Each structure stands twice: as structure tokens, then as C-alpha cells.
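Asks: So you can see what is in the structure, the chains are spelled out below.
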Amino acid sequence: MIKAKQWAVACAAGLSLLVGSLGSAMAQQKELRIAYQPNPLQEASIDMMLKWGEKNNVKIIKVPNSYGVYVEKMTASLTSGSDQYDVIWHNDDWGQLWAHLVEPLDDVAGLKYADKWSTDPIIFFNKDGKTTVVPMGQTLGALFYRTDLIKESELPKTWKQLVTLSKKLQGEGKVKYGFVGGMDPNSDWNSSLWTLWNNSCDVMKPFGSRDNAVLAKNGWTSAFNEPCMRQVVEFWWDALNTDKISPRGMPAYGRNEANAVFTVGDAAFTVADTTYWSEFNDPAKSKVAGKVGLAQFPIGPMGKNVTLWNELWGWAIPKAVPAERKALAKKMLSDIMLDEDGQLALWKKTGAPPPNAALWSKIAKTDAFMQSLQKYYLDSPHKIHSAYYFANWPAVHKAYNNTVTKAVTGGRSDIPKVLAEGATLVHDAAIK
Amino acid sequence: MKLKNTWRKTFGEQQRFMLMLIAPAVTLLILFQAVPIFVGGSASFRDWMLYNPKKTWVGFSQYASVLTDPAFLQIVLPNTFVFMFSSVAISLVIGLALALTLNRPFRGQKLVQTILLMPLMVAPVIAAIMVRWMFNDEFGIVNVVLEALGGEGQPWLVQRWSAFSVIVLTDVWLWTPWFTLLLLAGLQSLPKEPFEAAAIDGTTAWRVFRYLTLPMLRPVIIVCIVIRSIDAFRTFDTVWALTGGGPARETELLSIYAYENAFVFLDFAKGSAAAIIGALIILVVGLALYRILDHVRKMS
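Respectively, the protein sequence lines represent chains B and S.
The opening position of the first sequence corresponds to residue 0 in numbering that gives the first Met the number 0, with each subsequent residue numbered one higher.
The opening position of the second sequence corresponds to residue 0 in numbering that gives the first Met the number 0, with each subsequent residue numbered one higher.
No lab work stands behind these hints, which were simulated from the structure alone.
Keep in mind the model is a prediction, meaning the values are calculated, not measured.
Glycine included, each C-beta is placed from N, C-alpha and C at the ideal position.
There's no promise every hint is true.
Restricting the straight-line Cα-Cα distance to at most 27 Å, the calculated cross-link-like pairs of lysine-lysine (BS3-like) are [said to hold, decoys possible]:
(1) B:K216 to S:K1
(2) B:K115 to B:K364
(3) B:K318 to S:K1
(4) S:K191 to B:K431
Over 12 Å on every C-beta distance to chain S, these chain B residues come out as not near it, computed from the model [to be verified]:
(5) K115
(6) G170
(7) S277
(8) Q295
(9) A363
(10) S412
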């Protein structure tokens, strides 16, 4: 009987010790939930978080979300006040949309190393003048060309030269097309928008302004009735229909189709995100691997300077996250800004300039691609932001893309009429 | 305890058992059908931007905004009806032809039947991506064949009617087997005697089809048309993956219009209003079709 009692006491003590130790282990193991979209750049940034988590005894939980529903899903999560995610993917397109829903991050120490242009207050600051993003990497469109076909000295400086060179290469049977780039609503940065900005033009007036107060003062006016816009549309109409330097199906192309034409060796030039650099040079995925170079955008008839964009993808913390987890998330984001090895790995994996801008020159010492990127893009003084930062921008962008598509797929003589209709559509989309 | 007694008094043991059996399905239906419809319906009368859900009551202004939108009236609605009519009509004709072919025994009939049903097993979004590449102007098999035959490759997805035709073709490919399956079942359930009598009389195959098969199969055909029309009216995935409603909104259907407003432009209220207008339209169309069905049944 005594023996049985002793056994019972021993078991109870053992059980309580076990439960206690498990409980304390669980209490020590903190968690951070990261909402992201599966993409090489985000995966590379999360790799740094995982490394940080191991070092700091924090469990990093990856929660992938489809790109197709990311903004609406995350917006619904943010407005519901849910704390289901501690860190979420953030970028310039919805910088202002979420400014009131995410935590100010100006106290993140590592932010002092971020690129100044892409962390522009107009994009990421909330109404109290505090930033809401920590960058994970830079995204910028760049002009790629075939180094086996074109010498650096022959690179076109103007659209006219681009057309002439393209026709020459096509005439010699070296390529099927001179230029290819995505033109659908998700990829028109790679076609109409780069030409727009390199013809001293813009989607709305005044050109180059992203200040909503200024745009409102100008009556949210579209630039579709401007001569610079007509030149852009006529350039693409000719490229597709008369000069035939681009595939006729290009108005329906997304990034995948355009990249396929370039990597199969059918085009001499393409504009794509720099993150495709590694794919273009991967012999398993590209027939032009090792024959790809980086060039500057050629300018249009009214273009004054070579103009480009350089935006960031970043991370934000929802306001509804409890204070303790917010502090932990901020520490993690600050620490990964200082993780030099992790950022170098991110650069190698993705071709995206890392978030710590101080590392760019260091990388350029040994990396020819970064040298070109700095020379032509990152250090350029003539930059433009690649989106607008008001709530109706998605509708304005769609109206802009629809108008350009309609103009380049219709009759050339109909272009002025289509653009005039487009001016109204863009204006209406902006003020609705 | 009182509630338990009332429950026991109101329902007999068998009824209670039946209610328990359907309870999980009803719960799911309420959670995933009734509640979202109620939330969407409520949102359509409010100022409800996803990024700033004020939820203030605005009456019918969202409905007015949709119904006065020229794009909705001149592009979206006509496109939706043209798509619904053409897809259902073509699928029905091909499905009926295939069902008639499969209704007579021949060597390998089961194998052919299985192969014909394969599109039903493919997710529409996957089929759409596949077709998008098939009709790609540079790499697509369609242009390769066309050029091999001496024709000129076309940029199929750049012009309105060619893009629209590709969408209809994809939908027809996906849904013809469904028509085939149902019509074949209908054909196999028809009484044999009238056909035997016609054979003894030496009636031609066309007259048998025209005066026997078609009238007797009419109720099945109408049911197929009603179900498939409602389904075609709300088609989304095929069009979204193939053209995204482009080029320049030329292939935009009602579902794309509602989706873009709600989840791309984040105007949940206008998107909900568009969806409810669509639901009301298809309700009217569905009721009209059901009336025809009822009439045909009585005639039969």
C-alpha cells in the first residue's frame, strides 16, 4: 500500500516537473509570423530572418500568400485589427494605402543604411511624418541587351537609334525582333512607362509630381492630351505595326512571355526587373546566358534626361500587433539590415540591390553587374517614382494601360481620339 | 432542460435523427454561403473601401454607380451575354453530337468515352494558362500549325474578337464533356420501342433524330441549358487567367468587373453591388429558363 502511495507521489512530481519544464520552454520560445509572397527576393530576406531567429531563440513562422490576392487579403486583415501577422510584405504601391494601419518604424536603428530615394517620405511616411517600412531589397527596371550582337559603343541613345539598330539586326537575320517587353497592366513599366518617363512625360500632370496636394490642385489631369504622350503611343504603334521591331502580340504580354522571347534569343533588347539578371544568365533557363549586358534607356524626341526608377520592397509591422512582439519584430528588422553576409547572399541569389545601401559600393568592387547598375541606374540623379501614392492609383493605372493598349492595337489615325477618351477615363478614375 | 423537452416534444426520434444528419451541411451552408451573401449585400449599401471601411449607409448609390457606368452597360453586360449564349450553344451542339456517337456500340467505345471526359478533370485556370500559351503568337502551337499550312500566325489575344473566341473555345473545351455525359445518360434512358417501330418503318436516321430523339430528350437538354447558363454567366477563372478582361476591357465579363472593383480597386461596396446586380440578372434569366423548362415538360 505504502509502495503504491510512493509511486503515485513520484509520478505526480515527475508529471508536474515535465509540464513545468515544457511550459517554461514554450514561454521562452517566442514566435514571429511573417506574411509574404513566395518570390526569390522575399525568400532571401526571410532566410536572414530564419538565421536571426535561430540565433535569438525566436521561431520564425513563414505564411505564404498568393500575389493575386495579397493586397486585398492583407488590407482586410489590417482593417480588422487582427494580429495574425507580426511582419508583412510592404511596398511602394500600397505605401500610402496602409500608412495609417501599420506601425511607425523610425526607431529601427538599421534604417539609417537604407537608400534615401526609395524611402521617400511621400511614399512611406504616415501623417505624423514617420516612416512605416524597413527595406528588404531594391526593385528597378533596366534595359538588357545582347552583348554578342551589339558593341557597347553602338548602344542606342535615342528611340530612333533603337529602331534603326533593331531593324539592322533583324535585317541581318541575327534576331527576330529588336525589342520585347511586357505590356499588360502588371508589366507596362517594361514598355510604355519607361518610354513615357524618357520622353519627359508622365501619367498625370504636372510631370514628375507625386504630391497628392499638387495633383489635386491641377485637377487630377491626365497627360493623355499632351504631345509627349502621343509620341510615346505612336512610337509603340510603329514598333508593333510598321517598324515591326516588337512582336505583334506584345500588347497582351506579361513578364513571362517577354522574358521567354528574350531568353530564347529572339530579341536584341528587353526591359525587365534587375532580379531577372540571374535567370537571363542561367544556361538552364536561357539560351543567351553569358551574353547579356546592361544599358541605359534611350530617350524620346522630347526627352531631356535618361530617367529611371528605383523602388524598394520592404517589411512593415501591423499596428494591432502586441507591444512585446512589435519590439521583437523591430529588433529583427534592424538586425537584418546589418547582416552583411545575408545581404550579400540576397544579392547573389536575386540580382536585387540589397537594402543596406552602404554595401552597394563594396559589392561593385568585385561585381561587374553592380558596377553597371550603379553607373547607369543607382547613382543617376534623374529618377522618378514608378507609381502614384493615392488610393485610386490602381484604377488610374488600369485606365492608363487600357488606353495605351486600345491605341496601339487600333488604327494609327484613331490614336488622337483614343487618347482624348483616355484622358477622361484617367481623370474620372482619379477622382471617383 | 426545458429546451431539451421542447425539442423532444416538437420532433420525433426519426426527425431528430434526420436533423442531426443535415446539421453539419446546414452549418457549412450558413457559414460559407448565407453569411458572405449577407455581408456582401450589406456592403453594397454602404461606403466600404477595403482600406478605409467607414461602412456608412449610402442607400442605392453604389447600384446607381454601377448601372450608370458606360463600361458596365456597353462592354461588360453585352460581353457576358454573348459569352453565355455562345459557350452554351456550341457546347450543347458538340456535346449532343458526341453523345449520339457514343450511344451506339463500337470497338473502343469505353476508351473514347473516358478520353472525351478528361477536360472535366482539368481545373479551368490550368486549362486557361495552357490555352494562353497555345495561342501565344511566338511559341504557340496554333500559329506553328497555321504557318506550316502556309497561313500567317496571328496575335490572337490582342484583338477583341479573336481573344473572345479563344475564351469561348476554352470554355467549350472544358464543358462539352459535361453536356456529353448528361445527354448520353438521357439517351440511354429513352424507351427502345419508338426507335424499334421507326426502324421497322424504315425511317431515315435524320427523321428519327428530328422527330423521336430530340423531342424525347428535350427535358434533359433544357435542364442542361439552365444549369450551364447560370454557371457560364458567373465564369471568372478562365477569363482572368487567359486575358484578364483585356485587351483594353474588350473581354471583360461581369465577374471580372465585380472582382476588379472589390479587390483590385479595393471598393468592396461597388464590387458587391455589381455582384448583386449580376445575381439578380441571372435570377431573372434562370426563372425564364425554368418557365420554359416547365412548359416543355408539360408539352412532353
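Asks: If a hint holds in the structure, say so; if it doesn't, say that too.
Replies: The hints, checked one at a time:
1. B:K216 to S:K1: Violated: K216 (chain B) and K1 (chain S) sit about 69 Å apart, past 27 Å.
2. B:K115 to B:K364: Cα-Cα ~22 Å, so holds.
3. B:K318 to S:K1: 47 Å, violated
4. S:K191 to B:K431: Violated, at roughly 64 Å.
5. K115: With a cut-off of 12 Å, K115 (chain B) remains clear of chain S, as the shortest Cβ separation is near 27 Å.
6. G170: 19 Å, holds
7. S277: 22 Å, holds
8. Q295: Label holds. Min Cβ-Cβ 27 Å, cutoff 12 Å.
9. A363: 36 Å, holds
10. S412: 17 Å, holds
Comparing the model with each numbered hint stated earlier shows that hints 1, 3 and 4 do not hold.
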